[in-house]
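Residues per chain are reported as follows:
There are 2 protein chains.
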Amino acid sequence: MGALHDGHRTLIRKARRLANPNGSVVVSIFVNPTQFGPKEDLSNYPRPFDQDLLLCRQEGVDLLFHPSTSGMYAADTSAMVREDSLSKVLCGTSRPGHFDGVCTVVSMLFNIIGPEVAVFGEKDWQQLAVVRRMVRDLQIPVKIVGHPTVREADGLAMSSRNRLLTPEARRMAPRIFQAMSAAALECGAQGRGVTRVRDSLIKSLKAIPSADLDYAEIVDEETLAPLKSFNQKCKVRIMVAVRFGSVRLIDNLPVKFPR
Amino acid sequence: MGALHDGHRTLIRKARRLANPNGSVVVSIFVNPTQFGPKEDLSNYPRPFDQDLLLCRQEGVDLLFHPSTSGMYAADTSAMVREDSLSKVLCGTSRPGHFDGVCTVVSMLFNIIGPEVAVFGEKDWQQLAVVRRMVRDLQIPVKIVGHPTVREADGLAMSSRNRLLTPEARRMAPRIFQAMSAAALECGAQGRGVTRVRDSLIKSLKAIPSADLDYAEIVDEETLAPLKSFNQKCKVRIMVAVRFGSVRLIDNLPVKFPR
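From first to last, the protein sequence lines are chains W and E.
Residues in the first sequence are numbered from 16 upward in steps of one, following my numbering.
Residues in the second sequence are numbered from 16 upward in steps of one, following my numbering.
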């Protein structure tokens, strides 16, 4: 979606490492209207295209795909891709239709570009899980690779939306990462149940000034189902969404258990 | 879906003519459960695989793709392709979800096989229109080619479902084609309005013994919207669905106007 930052830069570098020696690295920049809800920030979404172009040039990107909306969607467009399981929880609850728009545009980008590998940031973990599911279920011949979240020095996950925060909200936003990190440590502590860790995480997030908690969940990182106990044989991830005024930030953190 | 007949044979031959000199012709045979409704004839659908294999061998098919259901769909499959405009009329009215299943399996087959060209029979005209729309809207890099309906000597459109007809129904079924042909001629007759032609078509179809009319429409062949007058600048097609007991037959015919 553009408004590229150092998180995107690491995705581009990862794509270069994964590409064949004579392969190409393609970046798509398209603020996709079908993944925004009617009350969401489509018109407000940052579009600093000249800076994006510069970053792509610096990174030696071979092709920058920057279509117009009418080049992507016919006025009477009526076909779409949807995912009806992982899309319905977490961000799907407050953003109905969002992941249908994501699935549709990602499959279109795959159809147009025909990549062998596609790199997605783990910051949007639910999006990555939904895309992986779509690729599995529709047997799309693209290898999906995630890349760990890149953070500012104070721990805030890099996001194009960070620049929309007020100075006060920007000062408070790193407390999301602090709360998640504390919860991840607690998960490893002997005898701590999931409910207790989650309650304590919610308490920390609710204590952030000028922030409204959207959700905080401890989930199976593949199915996104809420964890019932730490004995389940799955990889665990903490998932959080917080609003500062009209700016909604999401973040997530893997939980590592001592062996 | 297999149960191959001479209609399919012409599709295979067309694919061979369209293929590159060193290209391959692939036939898929998969009775796709997701396009059958809960009360439809999935278990009853004919599956004469050995005969199908023989026909493919005779025609020099390079690859016969015949997956299992579990090879296509994971038990917890949750992603699908849908089309929400052309799918909602005609057969879509009595078969809700049918075209979602068709779109999903066709896009999967495209993802797995990666064809340059795909040939579809015009007998399933609505399916062809929906697939064209899906390919347009999702920008799928496959050229869709239709092939005119192949008919028995008495005019009945070839269909895998014909073998399920009772002898009595089989004798009556050609009257579908006769009624459509008469209507197509009437369309060209000066001063005949769409409503009058359609009424007369419906009357002829309702007069077929042991048949129940599902629908009879005169439509824009691309959008499938009912025609309002014969002066519209679109190609016109007569679309019909008739039931003989539990066997549902569909057919269609293009309308040619005198210049």
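Check each hint, because a few of them may be wrong.
[To be verified] The calculated EDC-like cross-link candidates involving lysine to aspartate or glutamate, where the alpha carbons are at most 16 Å apart (straight line), are:
| no. | chain 1 | residue 1 | chain 2 | residue 2 |
| --- | --- | --- | --- | --- |
| 1 | E | Lys103 | W | Asp229 |
| 2 | W | Lys271 | W | Asp235 |
| 3 | E | Lys221 | E | Glu237 |
| 4 | E | Lys243 | E | Asp229 |
| 5 | W | Lys218 | W | Glu232 |
| 6 | W | Lys103 | E | Asp91 |
[As the list claims (entries may be wrong)] Pair ranges (Cβ atoms, derived):
| no. | chain 1 | residue 1 | chain 2 | residue 2 | range |
| --- | --- | --- | --- | --- | --- |
| 7 | E | Asp99 | W | Gln247 | 36 to 46 Å |
| 8 | E | Gly38 | W | Arg147 | 47 to 57 Å |
| 9 | E | Val132 | W | Asp169 | 27 to 37 Å |
| 10 | E | Asp99 | W | Glu55 | 16 to 26 Å |
The hints are simulated quantities; they were obtained by calculation from the structure and are not laboratory data.
C-beta atoms are modelled at their ideal positions from N, C-alpha and C, and glycine is treated no differently.
message: Assuming the hint says 36 to 46 Å, is it satisfied by the Cβ distance from Asp99 (chain E) to Gln247 (chain W) or not?
response: 38 Å, holds
message: Hinted pair, alpha-carbon criterion (16 Å max): Lys271 (chain W), Asp235 (chain W). Please report holds or violated.
response: The hint holds at about 13 Å.
query: Straight-line Cα separation of Lys221 (chain E) and Glu237 (chain E) no greater than 16 Å?
result: Since the Cα atoms of Lys221 (chain E) and Glu237 (chain E) sit roughly 27 Å apart, the hinted pair is violated (cutoff 16 Å).
query: Between Lys103 (chain E) and Asp229 (chain W), is the straight-line Cα distance small enough, at 16 Å or below?
result: Violated: Lys103 (chain E) and Asp229 (chain W) sit about 36 Å apart, past 16 Å.
field: Hinted pair Lys103 (chain W) and Asp91 (chain E), Cα distance within 16 Å
entry: 14 Å, holds
task: Could you tell me whether the CB distance from Asp99 (chain E) to Glu55 (chain W) stays inside 16 to 26 Å?
output: 21 Å, holds
- prompt: Do the Cβ positions of Gly38 (chain E) and Arg147 (chain W) conform to the proposed distance bound of 47 to 57 Å?
  reply: 32 Å, violated
query: Under the criterion that the straight-line Cα-Cα distance not exceed 16 Å, is the pair Lys218 (chain W), Glu232 (chain W) satisfied?
result: Holds. Lys218 (chain W) to Glu232 (chain W) sits at ~13 Å (cutoff 16 Å).
- request: Go ahead and decide if the range 27 to 37 Å is satisfied by the Cβ distance of Val132 (chain E) to Asp169 (chain W).
  value: 55 Å, violated
- prompt: Does Lys243 (chain E) pair with Asp229 (chain E) here, judged by a C-alpha cut-off of 16 Å?
  reply: 21 Å, violated
Going through the hint list in order, the structure does not satisfy hints 1, 3, 4, 8 and 9.
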